[in-house]
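Asks: Here are the chains, one letter per residue:
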Amino acid sequence: MTARPAVLAAPLAAGAATALALGVYAAVHEPTGRDFVLTGFDSAASWKSALASITMVLFVMQISLGLRITGRVGPRRPAPPWATDLHRLLGTIAFGVSLPVVFHCIWTLGYQTTDGRVSVHSLLGCVAYGLYVAKILAVRTDDRPVWALPLMGSFLGFVMLGVWWTSALVHYAGTST
Amino acid sequence: MTALARAAAVVRWIVGVGAATAVLLLFTLEGAPDVPADAAPTEVDLLVDEGRAIYAQRCATCHGDAGQGGQGPRLAGTVIVNYPDATDQIAIVAGGADGMPAFAETLSDDEIAAVVGFTRFGLS
Numbered sequence: 000m001t002a003r004p005a006v007l008a009a010p011l012a013a014g015a016a017t018a019l020a021l022g023v024y025a026a027v028h029e030p031t032g033r034d035f036v037l038t039g040f041d042s043a044a045s046w047k048s049a050l051a052s053i054t055m056v057l058f059v060m061q062i063s064l065g066l067r068i069t070g071r072v073g074p075r076r077p078a079p080p081w082a083t084d085l086h087r088l089l090g091t092i093a094f095g096v097s098l099p100v101v102f103h104c105i106w107t108l109g110y111q112t113t114d115g116r117v118s119v120h121s122l123l124g125c126v127a128y129g130l131y132v133a134k135i136l137a138v139r140t141d142d143r144p145v146w147a148l149p150l151m152g153s154f155l156g157f158v159m160l161g162v163w164w165t166s167a168l169v170h171y172a173g174t175s176t
Numbered sequence: 000m001t002a003l004a005r006a007a008a009v010v011r012w013i014v015g016v017g018a019a020t021a022v023l024l025l026f027t028l029e030g031a032p033d034v035p036a037d038a039a040p041t042e043v044d045l046l047v048d049e050g051r052a053i054y055a056q057r058c059a060t061c062h063g064d065a066g067q068g069g070q071g072p073r074l075a076g077t078v079i080v081n082y083p084d085a086t087d088q089i090a091i092v093a094g095g096a097d098g099m100p101a102f103a104e105t106l107s108d109d110e111i112a113a114v115v116g117f118t119r120f121g122l123s
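Residue numbers (numbering that gives the first Met the number 0), protein chains in the order written: chain A, 0 to 176; chain B, 0 to 123.
Calculated directly from the structure, the hints in this document are not laboratory data. Virtual Cβ for every residue (Gly too), placed ideally from N, Cα, C. Some clues are possibly wrong.
FRET-style restraints, in silico, Cβ to Cβ [said to hold, decoys possible]:
#1 A:Leu150 - B:Gln56: 54 to 62 Å
#2 A:Arg71 - B:Met0: 23 to 31 Å
#3 A:Gly70 - B:Leu3: 15 to 23 Å
#4 A:Gly70 - B:Asp97: 48 to 56 Å
#5 B:Thr41 - A:Asp114: 29 to 37 Å
#6 B:Leu28 - A:Thr112: 21 to 29 Å
#7 B:Ala6 - A:Asp114: 37 to 45 Å
#8 B:Gln70 - A:Ala15: 35 to 43 Å
#9 B:Leu24 - A:Thr112: 22 to 30 Å
#10 A:Gly39 - B:Met0: 31 to 39 Å
#11 B:Gly68 - A:Tyr171: 25 to 33 Å
Partner residues are not named here, just some residues of chain B that face chain A (Cβ under 8 Å, in silico) [what the hints assert, rightly or not]:
#12 Ala7
#13 Val10
#14 Arg11
#15 Gly17
#16 Ala18
#17 Ala21
#18 Ile79
#19 Asn81
#20 Pro83
#21 Asp84
Chain A extracted, bound-state conformation:
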């Protein structure tokens, strides 16, 4: 089977369209400013930071498994069959856990550029979901280059780290000013 980088065009286009759609919706839509507080938390920032942090932990586990599956870490023998299933399960859960967070971001707050942190957070948030869509579609694409998924997964991991850094970490550090 010959790898054809061109087969990634459709997943990347779909990812770009997703990121653009999220950004345009969040920018055009009038932010409602309505908070919804989950039981057990005292503010939206608290539960969003908690869910974002859980998402990050799941992503770190998922990336670690991805590195093991592709043979970049761990013993030389092939990864056990369950590793791939667990990798997908963790990714799906991470995506699910992040949904309330992104919903609050774009419905309540909208796309904002009030300062550097907020601008970076808004941009990376849209890019993260675009990358997620692109990676999910690339997984199901035949003849993709062997480097495609590790590269997209790593890039997604860095973008997610940026999203978390500019929100939850700032919240926990108490410097959200």
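Following the hints, position chain B against chain A.
Replies: Structure of chain B alone, referenced to chain A:
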């Protein structure tokens, strides 16, 4: 199919439904029903009204009549983003920051809450 793969399939289905619901809500919640003109004012309405008067007296000089900014930063449409937790914003108003005076001595707790409420819900 392993148990883990079956679990992943179930979770994928649940998350898919969740994602579809979220997208649906983004568009259906957009047009929340308008409050009738003759409806009694809510506590938030009263808070915002009280805050509007305080804002005009104490804040508008620096932040602009409509919160558009001036000597102080823009507030309209930005405070909920910059201060998702209202208590952080209350702390700034009470204690001051970056050239902004502290209002803890000149405004009561209720007045600070009112003006913070106005900047969050009365400025757009």
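Asks: If a hint holds in the structure, say so; if it doesn't, say that too.
Replies: Here's how the hints hold up against the structure:
A beta carbon spacing of about 57 Å between Leu150 of chain A and Gln56 of chain B agrees with the range 54 to 62 Å that was offered as a hint. The hint said 23 to 31 Å for the Cβ distance between Arg71 of chain A and Met0 of chain B, and at roughly 27 Å that hint holds. For the pair Gly70 of chain A and Leu3 of chain B, the supplied restraint of 15 to 23 Å holds, since their beta-carbon distance comes to about 20 Å. At roughly 52 Å, the beta-carbon separation of Gly70 of chain A and Asp97 of chain B lies within the given 48 to 56 Å, and the hint holds.
Roughly 32 Å separates the CB atoms of Thr41 of chain B and Asp114 of chain A, a value that falls within the hinted 29 to 37 Å. Leu28 of chain B and Thr112 of chain A have their C-beta atoms about 24 Å apart, which keeps the hinted 21 to 29 Å range intact. A C-beta distance of roughly 42 Å is found between Ala6 of chain B and Asp114 of chain A, which places it inside the suggested range of 37 to 45 Å. Between Gln70 of chain B and Ala15 of chain A the Cβ separation comes to about 41 Å, which falls inside the hinted range of 35 to 43 Å.
Our hint of 22 to 30 Å for Leu24 of chain B and Thr112 of chain A holds, since their Cβ atoms are close to 25 Å apart. Hint check: Gly39 of chain A to Met0 of chain B, Cβ distance near 36 Å, so the stated range 31 to 39 Å holds. The hint said 25 to 33 Å for the Cβ distance between Gly68 of chain B and Tyr171 of chain A, and at roughly 29 Å that hint holds. Because the beta carbon of Ala7 of chain B sits about 4 Å from the nearest beta carbon in chain A, less than 8 Å, this interface hint is met.
Hint status for Val10 of chain B relative to chain A: holds, with the closest Cβ pair at about 5 Å, below 8 Å. At about 5 Å, the closest approach between the beta carbon of Arg11 of chain B and any beta carbon in chain A falls short of 8 Å, and the interface hint on this residue holds. Taking 8 Å as the C-beta cut-off, the interface hint given for Gly17 of chain B holds, the closest approach to chain A being about 6 Å. The closest approach between the C-beta of Ala18 of chain B and any C-beta of chain A is roughly 6 Å, which is under the 8 Å cut-off, so the hint is satisfied.
A distance limit of 8 Å between C-beta atoms decides the matter here; for Ala21 of chain B the minimum to chain A is near 5 Å, and the interface restraint holds. Satisfaction of the interface hint for Ile79 of chain B is found here, the shortest Cβ-Cβ separation to chain A being roughly 5 Å, below the 8 Å cut-off. At its closest, the beta carbon of Asn81 of chain B sits 6 Å from a beta carbon of chain A; the interface hint therefore holds under the 8 Å criterion. This hint holds: Pro83 of chain B has a C-beta 4 Å from the nearest C-beta of chain A, less than the 8 Å allowed.
Given the 8 Å rule on beta carbons, the hint for Asp84 of chain B holds: about 4 Å separates it from the nearest Cβ of chain A.
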